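Use these hints to put chain B onto chain A, whose structure you have.
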Amino acid sequence: MPAGRTGSFVGCTTAESRIDHRAGKIFLSAPAVSAFLRFREGEKSAFDAVVAEYTGPAYATAVQVLRDSALAEEAVQDAFLRVWQRAHLFDPTKGAERSWILSIVRNQAIDALRKRARARERSIEDTPAVYALRDPDDTWQAVLAGLAGGEVRQALGELPQEQQDVVVRTYYQGKRPVDVARELGLPEGTVRSRLRLGLQKLRESLTPVREALES
Amino acid sequence: MNHEQAAELLADFAIDLLEPDEAAAVRAHVEQCAACRAELQIYVQAGDALAIGVEPVALAAGGAERIAAGIRSRISAPREPGRPALRVVERTQGVPRHWRTLALASAAAVLVLAAGLAVSVNGWIGAEDRADRYARELSARALQLPLEGENARGVIYVSSDFKSGVARFSGLPPAPANHHYQVWSEGPFGERSATDFVGKEGDLFVELPELPTDMTRMFVTIEPDGATGDRPTGPEVLSTPK
Numbered sequence: 001m002p003a004g005r006t007g008s009f010v011g012c013t014t015a016e017s018r019i020d021h022r023a024g025k026i027f028l029s030a031p032a033v034s035a036f037l038r039f040r041e042g043e044k045s046a047f048d049a050v051v052a053e054y055t056g057p058a059y060a061t062a063v064q065v066l067r068d069s070a071l072a073e074e075a076v077q078d079a080f081l082r083v084w085q086r087a088h089l090f091d092p093t094k095g096a097e098r099s100w101i102l103s104i105v106r107n108q109a110i111d112a113l114r115k116r117a118r119a120r121e122r123s124i125e126d127t128p129a130v131y132a133l134r135d136p137d138d139t140w141q142a143v144l145a146g147l148a149g150g151e152v153r154q155a156l157g158e159l160p161q162e163q164q165d166v167v168v169r170t171y172y173q174g175k176r177p178v179d180v181a182r183e184l185g186l187p188e189g190t191v192r193s194r195l196r197l198g199l200q201k202l203r204e205s206l207t208p209v210r211e212a213l214e215s
Numbered sequence: 001m002n003h004e005q006a007a008e009l010l011a012d013f014a015i016d017l018l019e020p021d022e023a024a025a026v027r028a029h030v031e032q033c034a035a036c037r038a039e040l041q042i043y044v045q046a047g048d049a050l051a052i053g054v055e056p057v058a059l060a061a062g063g064a065e066r067i068a069a070g071i072r073s074r075i076s077a078p079r080e081p082g083r084p085a086l087r088v089v090e091r092t093q094g095v096p097r098h099w100r101t102l103a104l105a106s107a108a109a110v111l112v113l114a115a116g117l118a119v120s121v122n123g124w125i126g127a128e129d130r131a132d133r134y135a136r137e138l139s140a141r142a143l144q145l146p147l148e149g150e151n152a153r154g155v156i157y158v159s160s161d162f163k164s165g166v167a168r169f170s171g172l173p174p175a176p177a178n179h180h181y182q183v184w185s186e187g188p189f190g191e192r193s194a195t196d197f198v199g200k201e202g203d204l205f206v207e208l209p210e211l212p213t214d215m216t217r218m219f220v221t222i223e224p225d226g227a228t229g230d231r232p233t234g235p236e237v238l239s240t241p242k
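So the protein sequences, as listed, match chains A and B. If you're matching positions, the first sequence starts at 1 in the numbering used here and goes up one per residue. If you're matching positions, the second sequence starts at 1 in the numbering used here and goes up one per residue.
Just chain B, same shape as in the assembly:
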């Protein structure tokens, strides 16, 4: 990369908008070019100021607690290079083997610290009695299973007895007219419906009152209203890692 090319990209580089290979090329030039290095400081310092100038945004109710709980769970299960993003690290004794297998197969499976999750659940579910119930159910430990899709994502929090859970979705628009979403579990038994819902913009939390204990995967499809619900017929929009 010559001087003119690097100079053109200095501001992008300063506020970290470049792809890694571009950034490496600019960096290599700036290390050798006093003029570019001096100019770079101006953009870096402007970026520092912009970081301070972020418009304050109020967190949703329970947001700070959810974030703190999520941080605690991530710190308790740190990522290792070359390993699944988050691994099961604590208190796996007592977790049924098939769940442990499913969790380890999931790119972001994690044993969630119970206290943190209980706080989170309190933040999600408005009805006090349901919040209390989930807090109790999840008070020992729970599995957290990611759901990935083309434009949406979700997490299934499995309760401590591995028989129920709560699903959290984001990026799922309302289901098309005359259709709904359906959550499925898959295992030796085939596919089994866990629940259905209509979807809405923003965060969505759905109870999963019964989960089979020997499932190997969970996924979400779009189903026509009136479908029997005994097997999936529509397209998959979310799935735990296969």
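Only chain A is shown next, with the shape it has when bound in the complex:
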């Protein structure tokens, strides 16, 4: 764990939070069925609520990649169309809906970025290839459900600068390691190594939450 981190995360403030970090106790209760899950089960009218809930984070995700508000808005619209079309492919045992939706937004934004740069266009017809290889992990889903954006940003900020830089450029700006290597004047292998280390350390920094859930 990076120096300065105590492992204690701030308490959740949302009404639906299921983790009381302050007391170090875990209360597992049946969560309310989300609008997205209701939509996935066929309640089409719930989609407006899905859009309302995720437009803000979706736009933030897209604009971080595209750096252009108009393009970001278009990417978000295209991404939500994909969510509409492919919600039935979402498997709650393989990940949180938020991650699934925002990964579609991010992929759409990266695709728009590369299309704009006239780079080879990626296929975004399907869910990401990695999706099928996700292992079910209920505890991790609970960790994500109780995780606030500020906590992630804090953990990211505590990575060594060179790893943080690579993670930001690849994940949040959608750049390929080969492009990051060119930008930074580094060998591509070094960039990939920093990316792996950065992601590993970020994941490790969330271990206290996981351990609290598992104890």
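FYI, nobody ran anything at the bench for these hints, they're computed from the structure. Since the structure is predicted, the reported quantities are computational estimates derived from the model, not experimental observations. All residues carry an ideal CB built from backbone N, CA and C; glycine is no exception. Check each hint, because a few of them may be wrong.
The list that follows gives simulated cross-link-like pairs (lysine to aspartate or glutamate, DMTMM-like), each with its CA atoms no further than 20 Å apart [what the hints assert, rightly or not]: (1) A:Lys201 to B:Glu8; (2) A:Lys94 to B:Glu8; (3) A:Lys115 to B:Glu22; (4) A:Lys115 to A:Asp179.
Here are a few chain A residues that sit away from chain B, every Cβ distance over 12 Å (derived from the structure) [to be verified]: (5) Val33; (6) Ser34; (7) Ala35; (8) Leu37; (9) Arg38; (10) Glu41; (11) Glu43; (12) His88; (13) Leu89; (14) Ala96; (15) Ala155; (16) Pro160; (17) Glu162; (18) Glu183; (19) Leu184; (20) Leu186.
Then chain B, alone, in the frame of chain A:
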């Protein structure tokens, strides 16, 4: 792809940075390799966390409404495999034939749901009376025609009477010194200027007060200041699909 090669690309794969052929090769290996699959979960979970950690960004005024309207229009005209990206699907009766032809020829032409577009227009145009006017004009239905260029893009929203519209551009830098942008329509009449503007960084919205009803294409050129405006002389920077 052998184990070492796949292991090198696991993090890229987890956060979906690989090209489809690379991703397929990594996937094929991971399906057979327990060690890689276990390591992959770490990167996937880190990616999950990063998705939550996106720095909040405030939407511009009207942004949420524009996005919601755009989503509604896309859902109302879903893409089909092998077909134009968005097709004209609703209420084509009443749309003049030449417009319908132009719309169908456009890769992303769509009949926009009127309510959504009206909301969008309200978000774009600051002057209340103009916003109201466009909202009224576009209240029945409108065509949406994409403009594609090397480094810029745009959309022309044609009003319900097919005689006027609003163009939205993004990625157009200010025109070079002593030059301006000019929007043209093209049809049996040849080329006709629709409007001109100087351009600026970011989003730009331009009124098209008069559009010919028998046009077959619209495009944007860079013209020298002082040009007569009766025919395009400069390079094309944007065009509807030819």
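Each hint tested on the structure:
Proximity of A:Lys201 to B:Glu8 is assessed by CA-CA distance (about 17 Å); at most 20 Å being required, the pair is judged to hold. A threshold of 20 Å between alpha carbons decides the hint, and for A:Lys94 with B:Glu8 the separation of about 24 Å lies outside it, so the pair is violated. Under the criterion of a C-alpha separation no larger than 20 Å, the hint pairing A:Lys115 with B:Glu22 is consistent with the structure, at around 18 Å. Annotation: proposed proximity of A:Lys115 to A:Asp179 holds, straight-line Cα distance about 15 Å (limit 20 Å).
No beta-carbon of chain B is positioned within 12 Å of the beta-carbon of A:Val33; the least distance is around 21 Å. In this structure A:Ser34 is separated from chain B by more than 12 Å, as the shortest Cβ-Cβ distance comes to about 15 Å. Separation of A:Ala35 from chain B is adequate, the least Cβ-Cβ distance of about 14 Å exceeding the 12 Å criterion. Every C-beta of chain B lies more than 12 Å from that of A:Leu37, the closest at about 17 Å, which supports listing it as non-interface.
The claim that A:Arg38 lies off the interface holds: its Cβ sits roughly 17 Å from the closest Cβ of chain B, which is beyond the 12 Å cut-off. Against the 12 Å criterion, A:Glu41 stays outside the reach of chain B, whose nearest CB is about 18 Å from its own CB. Residue placement check: A:Glu43 keeps its beta carbon more than 12 Å from all beta carbons of chain B (closest about 15 Å). No Cβ of chain B approaches the Cβ of A:His88 within 12 Å, the least distance being about 14 Å, so the stated non-interface status holds.
Non-interface status of A:Leu89 relative to chain B is upheld: no Cβ of that chain comes within 12 Å, the nearest being about 15 Å off. Interface exclusion of A:Ala96 from chain B breaks down, the closest Cβ pair being 7 Å apart, not more than 12 Å. With a cut of 12 Å on Cβ distances, A:Ala155 falls inside the contact zone with chain B, its closest approach being about 7 Å. Non-interface status of A:Pro160 relative to chain B is upheld: no Cβ of that chain comes within 12 Å, the nearest being about 15 Å off.
For A:Glu162, the requirement that its beta carbon stay farther than 12 Å from each beta carbon of chain B is met, with the minimum near 15 Å. Remark: the non-interface label on A:Glu183 is consistent with the geometry, its nearest Cβ contact in chain B lying 15 Å away (cut-off 12 Å). The Cβ of A:Leu184 lies farther than 12 Å from every Cβ of chain B, with a closest approach of about 16 Å, so its non-interface assignment holds. Remark: the non-interface label on A:Leu186 is consistent with the geometry, its nearest Cβ contact in chain B lying 15 Å away (cut-off 12 Å).
The structure does not agree with the numbered hints 2, 14 and 15 stated previously, though it agrees with the rest.
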